[in-house]
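Colleague: Now for the letters of each chain:
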Amino acid sequence: MIRFTHASKRYQNGYDALQDINFYMPAGQMAFLTGHSGAGKSTLLKLIALLERSSRGQVFVNGQNTAKVSRRRIPFFRRDIGIIFQDHQLLFDRTVFDNVALPLIIAGLPHREIGKRVRASLDKVGLLGKEKTYPITLSGGEQQRVGIARAVVNKPPLLLADEPTGNLDPDLSRDIMHIFEDFSKVGVTVLVATHDLALIESLPYRILQLKQGRLNYDSETGDTHG
Amino acid sequence: MAKSRQPRIGIMTQLRVFGLRHLQVFFYSLGKMSRQPFSTLMTAAVIGIALALPSGLHLILKNAEALSGSWDGATQISLFLKRSITEKEAALLQKRIRRLPDVDKVRFISREEALKEFKQLSGFGDALKALKQNPLPSVLLIRPTQNANNPEGAKKLLTRLEYYPEVDVAQLDMQWVKRLYAILETVRRGVLVVAILLSLAVLLVVGNTIKLAIQNRREEIVVMKLIGGTDAFIRRPFLYSGFWYGMFGAFIAYLMVQISMLTISGPIETLTGLYQHNFDLSGLNFSASFLLFFSGIALGLGGSWLAVGRHLREIEPS
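Just so you know, the protein sequences line up as chains A and B, in that order.
Numbering of the first sequence is given in the numbering used here, commencing with residue 1 and proceeding in unit increments.
Numbering of the second sequence is given in the numbering used here, commencing with residue 1 and proceeding in unit increments.
Hints are computed from structural coordinates only; laboratory data are not their basis.
Even glycine gets a Cβ: it sits at the ideal position worked out from N, Cα and C.
Certain hints may be false.
Stated by the list, open to error - What the simulated footprint calls covered on chain B by chain A, stretch by stretch (three residues with Cβ under 8 Å from a Cβ of chain A suffice, anywhere in the stretch; the number is not a length):
#1 17 to 29
#2 195 to 204
As the list claims (entries may be wrong) - Not the full set, but computed from the structure, chain A residues with beta-carbon under 8 Å of chain B:
#3 Pro-75
#4 Leu-91
#5 Leu-102
#6 Pro-103
Claimed, not checked - Straight line, CA to CA, 20 Å or less: simulated EDC-like cross-link-like pairs of lysine to aspartate or glutamate:
#7 B/Lys-116 x B/Glu-87
#8 B/Lys-32 x A/Asp-98
#9 B/Lys-32 x A/Asp-93
#10 B/Lys-88 x B/Glu-152
#11 A/Lys-185 x A/Asp-169
Let's have the full structure, built from the sequences with the hints guiding it.
Modeller: Written as structure tokens, this is what we have:
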């Protein structure tokens, strides 16, 4: 599902955010991406979602070489990826329903189908009944769950989450991780960037650790680099 | 690899959904504008004034043309006959000329009539009494048909009439007509220039308004791009806003012009009445109104297209 081969990212100012990253994530796997802030977690996710392009090496997502995805094709490429942000990125002038429905509207689904899918998605994150409320009236954890519902409503094969539990207390964080586990169980590939080590060490999933832009540790291979 | 999770959607359903989405965005953008009625009205009013000016000038021009055209006898040829020609001979000539194809009417003014008219109009009546004999020639006044009622046609007729041996001097009274036509042509060009300049202004006003709207909704655009919104999808509401601005602007311009016309139609009627002239001031007819709305909408769309093309690309999620 995701393959990095010697991928590097150097920003225009000369800063090397990622250097020579190599790893493979098969479809349906769930993994955590850890490391200190500035280690390159966000940059790695950005390379996957084509928010940035690698300066060297290759990144394959969903069987596609991201370097070959033209600017025009990027929207369609992103529709196969559900992205969850630390700051939720919700639209506050729209209801929960409209926020979650947005990917379906963009994809051009018929009205009835949208209603069904949005409710199913909200049900999965435990927010059924909040469709008509506005995100501003929800708690941080609930807002994050709206973000997750929006990311999965289109049933993408790949979920990316960037510090999804960054602002949440441990109990809520655990709830959010359980939601991800549920998706993983039905075949969705899930990659979660987090620095919440206590939480991920209690879970039996692959851990990729970044250190100063390099892959420092991969629990699957047991390799410790650098 | 999990692929093609979308259920199959028929082409008709897709088309229907597409049309429905357009309709929704169409009214969504209207709703968005109605939530800021004051600023929307301000923008539309600026566009309206910019559109009303050329429309109003166009109407003034059209009415001036109608007015000058309705002054019958705009062109008239005067044939001053030789003094040796008797009234009888003149009457024969009048008949011959009347048969010419380009001639509509011929009026004969005898030397006595000419003198009487001159006395009345010039105020030199007493001075003329001192003259022993009538110094004025008899005159045939010729009015060309509608076909020849233009500078070239009248000129042709003039050269033909000059050849009659009875004619002393033939004169075409159309200098003022030429001048009027020249003035109208100048004004028409002026209106065109004003229209082009103001169209440019409308384009910029709409462009700037849409640019601000894009900046205000920066976050929304970022989110749309993150979850796979195509440029076309993100562009759509802004283009429709441009459409609405243009349409409202045209509507305001329409109202302004029609109200102005109503306001001045009373005095104009009185004025033309004083010249013993019946003249109906015409407002914007169907085709002119259509053109006004069409250009308003086109300029609105064009302006927003420019803004969207320039500024939407700059906003990228990071």
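Colleague: Now tell me, hint by hint, if it's right for this structure.
Modeller: Status of each hint after checking the structure:
no.: 1; hint: 17 to 29; verdict: holds (count 4)
no.: 2; hint: 195 to 204; verdict: violated (count 0)
no.: 3; hint: Pro-75; verdict: 4 Å, holds
no.: 4; hint: Leu-91; verdict: 6 Å, holds
no.: 5; hint: Leu-102; verdict: 6 Å, holds
no.: 6; hint: Pro-103; verdict: 5 Å, holds
no.: 7; hint: B/Lys-116 x B/Glu-87; verdict: 16 Å, holds
no.: 8; hint: B/Lys-32 x A/Asp-98; verdict: 15 Å, holds
no.: 9; hint: B/Lys-32 x A/Asp-93; verdict: 11 Å, holds
no.: 10; hint: B/Lys-88 x B/Glu-152; verdict: 32 Å, violated
no.: 11; hint: A/Lys-185 x A/Asp-169; verdict: 25 Å, violated
In summary, the numbered hints that this structure violates are 2, 10 and 11.
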